[in-house]
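S.K.: In case you want the letters, here they are:
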Amino acid sequence: MNDLIIKSGNLVNPGGEFSGVHDIYIKDGVIIGIDEDNKKLNSPIIIEAENCIVCPGLVDLSVRFREPGLEKEATVASESKAAVSSGVTTVCYMPDTQPVIDTPAQIKLVEEIFNNIGICKVKVLAALTKGLDGNKLSSMVELRESGAVALTNCLNPIRDSLVLRRAMEYAAGQDITIFYQPQNNYLANNGCAHEGKISNKLGLPGIPSEAESVAVAEAILLMKLTGVKLHLCRISCAESVELIKNAQLLNLPLTCDVAIHQLFFDENSITNFNSDFHVMPPFRTEEDLAALQKAISEETINSICSDHQPHNKDAKQAPFSDTQHGVSTIEILLPLLMELVDLKIIDINTAIAKVTINPANTLGIEAGVIKKGSAADLCIFRRKEWLFDDKQILSSGKNNPFIGKTFNTQVEKTICNGKIVYEKR
Amino acid sequence: MSENEKRDLKEKNLNQNNAVSQKHLRHFLDIENLPKSLILDILDLAESFAGVSGQPVKKVPLLRGKTIINLFFEASTRTRTTFELAAKRLSADFLNINIDFSATKKGETLLDTLRNLEAMHCDMFIVRHPSSGAAEFISKNVSQNTSVINAGDGRHAHPTQAMLDIFTIRKYFPDFTKIKIAIVGDILHSRVARSLMHALRILEVPDVRVIGPKTLLPKGIEHMGVTSYVNMDEGIKDCNVVIMLRLQNERMDSSFIPDEHEYYNLYGFTPKRLGMIAKNGIVMHPGPVNRGVEISSEVADGDRSVILQQVSNGIAVRMAILSLSMQP
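Protein chains in written order, with the numbering used here: chain A, 1 to 425; chain B, 1 to 328.
Note that these hints are calculated values from the structure, not bench results. Take the hints with a grain of salt, since some may be wrong.
Here are the in silico distance ranges between beta carbons for each label pair [stated by the list, open to error]:
hint, chain 1, residue 1, chain 2, residue 2, range
1, B, R64, A, K313, 36 to 42 Å
2, A, S161, B, S254, 19 to 25 Å
3, B, H223, A, K245, 28 to 34 Å
4, B, R304, A, K245, 56 to 62 Å
5, B, E234, A, R159, 54 to 60 Å
6, A, R159, B, N141, 49 to 55 Å
7, B, L111, A, S161, 37 to 43 Å
8, A, G404, B, H223, 27 to 33 Å
Listed below are the simulated EDC-like cross-link pairs for lysine to aspartate or glutamate, each with C-alpha atoms no more than 20 Å apart in a straight line [to be verified]:
hint, chain 1, residue 1, chain 2, residue 2
9, A, K81, A, E412
10, A, K39, A, D28
11, A, K197, B, E32
12, B, K140, A, D276
13, A, K313, B, E108
For every residue, glycine included, the Cβ atom is placed at its ideal position computed from N, Cα and C.
Pulled out of the complex, with its shape left as it was, chain A reads as follows (with noise of 0.2 Å):
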């Protein structure tokens, strides 16, 4: 492996002391120096980073690659690339493959995949319950030691609010981290669009953002019974911000992310059926929308991720409920979040945090943050023009709403344990 410099890169760190214009030297894939030349790096091969920003590679909190079990769906090879093409060098793997990740064996497979492709990093979420089905606690501290970082039910549903206090309970004597996913799945009665004005019109079957804010208070009430550190996934409406805005003023260890697309559409998406614009939970109200653009401006919301769900082409070429939900926008998810700092919704310091230093510290890991010694996991961009047309797709899903759209963040290289990993053609 090359050693390498950065040079004169404007770093956005905001979880590290270093900002501005600096030079970054790297050591055996490990930051060794910010300025101080020291002269032990061999031969280095130098990146010239002016009027580029420089941040720390982007931590994803939640993605599917579909290995194993839906390889016809995508790969880890093929989503890694497409990781990188937007600055992400480590992403949460969502245990809801086929088989369900729920022993230590399927965490290891699941690390081996990725360590044989070597682009970027994974960290897995194993699962809450075994097999996902919502009754059975899963091995919650042999999962741990082997590498899961939390567990989640992902969308699964667990009906049994006892069974949920459960692991709450377990998990919170264990110290370990539960990711959420607030859905009442009797609430949400089979539906595929926001309950409102559109889901009328178009005669879809509706979700009401109280299924959602339903299982957001429960989860609120069962977490200060139980004491477990808590992270909501996928917020959606503003009642949910609400509650746990107001959770957050008592103190209590929660946190909370929303998928990128849901801060650009609202319930107008889907008029005309397009089933691009069909994702779990699903485009509120404009309001709604409002909402969640405050709260990521505020710390409210702490992480954004991409919540990349690939899928071929046949998954989404049905009537709209017969579809299947899920939106691929991780190789965009860096220009969309400097389109929310364009459209000054969100200043370029919190924006960056939200997908570094805030989500790794969600999960208790090293990462997100330009700093001696730390691991060389850096993203260099620049404020270019560019389109995004279905040519470039790098992921294998083609079900992305934002096909078309000119980008004005252009990712110039990725760098993932001081290697290269991706580089403007």
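Using the hints provided, position chain B relative to the given structure of chain A.
M.R.: Relative to chain A, chain B alone:
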């Protein structure tokens, strides 16, 4: 997304919709975006076809040599047969595909079923499907010369039913701007109600009411330009037209309403309630009728009921829609 991009996206969406050109339809998928003049043209054309059924030879040669396929993914009697009769009276070759026994049950996707049928060179699909948006999806995936008629998609739309309903209403009330209309029952799950609300709005009916228990009235239904009522007696008062909807048995099982008995008491159209509507008022029902659940036999079979006329009118209205939608 900027305002400009939003607007572009909206326009793009609109353009993909039922492209309507003058007096010719590319597809007939829903009523929402039809101009008033076109709706009236369809009604007038249907009027001219109404005579055909009374002739000794019940055929006109308008669609001779054209092939129409009835593609029904859901059970139907009235709609399926009236489409069949309409097509045959226009001299088209006609095929009924029974999906229960066909390929989708063997795992074929909707798109593959469609492509295979299209390979047999048919000119038009008449589609009924349990998923909202199915007809629109199919219309986006057929070749340029094939038309799609929506015969009911999920809860979304049943535009030919709405057309035959307004055709029937016009027989009694030629001026739509002077009447009050109530739609009663399971609005939430009803594609007929949704299409009717659009049609009545476009025809500028000043007072459209939807009546039912709160569980069956979608939240925010006022966005569709109607007034909602939970009390039927208040809702039907002085109405010129009352359209009753079928209540499906499974609504009791999933806690929308307690039981048939209570439903009949609150929303059943009884002779007593018939006395509350306008003196010249008529009673409609898209069928099939649940006697003793949403309507009493006295009312359904009474002289104010036009339920069977709706069925007969269905043939003429569908003839008009088929002939306007067939590609030259």
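S.K.: Decide, hint by hint, whether the structure agrees.
M.R.: Okay, the hints, checked on the actual structure:
At about 39 Å, the CB distance of R64(B) to K313(A) agrees with the hint of 36 to 42 Å. Between S161(A) and S254(B) the C-beta distance comes to about 22 Å, which sits within the given range of 19 to 25 Å. A hinted range of 28 to 34 Å for the beta carbons of H223(B) and K245(A) is consistent with their spacing of about 29 Å. For R304(B) paired with K245(A), a C-beta distance near 58 Å keeps the hint of 56 to 62 Å intact.
A beta carbon spacing of about 40 Å between E234(B) and R159(A) contradicts the range 54 to 60 Å that was offered as a hint. Between R159(A) and N141(B), the C-beta spacing of about 37 Å breaks the proposed range 49 to 55 Å. For L111(B) and S161(A), the Cβ-Cβ distance of about 42 Å falls inside the hinted range of 37 to 43 Å, so the restraint holds. Checking the proposed 27 to 33 Å range against G404(A) and H223(B) shows it holds: the Cβ atoms sit about 30 Å from each other.
Among the hinted pairs, K81(A) with E412(A) is consistent with the structure: their alpha-carbon atoms are about 14 Å apart, no more than 20 Å. Distance check on the hinted pair: K39(A) and D28(A) sit about 14 Å apart at the alpha-carbon level, within 20 Å; holds. With a C-alpha separation of about 14 Å, the suggested pairing of K197(A) with E32(B) holds against the 20 Å cut-off. With a C-alpha separation of about 15 Å, the suggested pair K140(B) and D276(A) falls inside the 20 Å cut-off, and the hint holds.
At most 20 Å may separate the alpha-carbon atoms for a hinted pair to count; K313(A) and E108(B) meet this at roughly 15 Å.
Going through the hint list in order, the structure does not satisfy hints 5 and 6.
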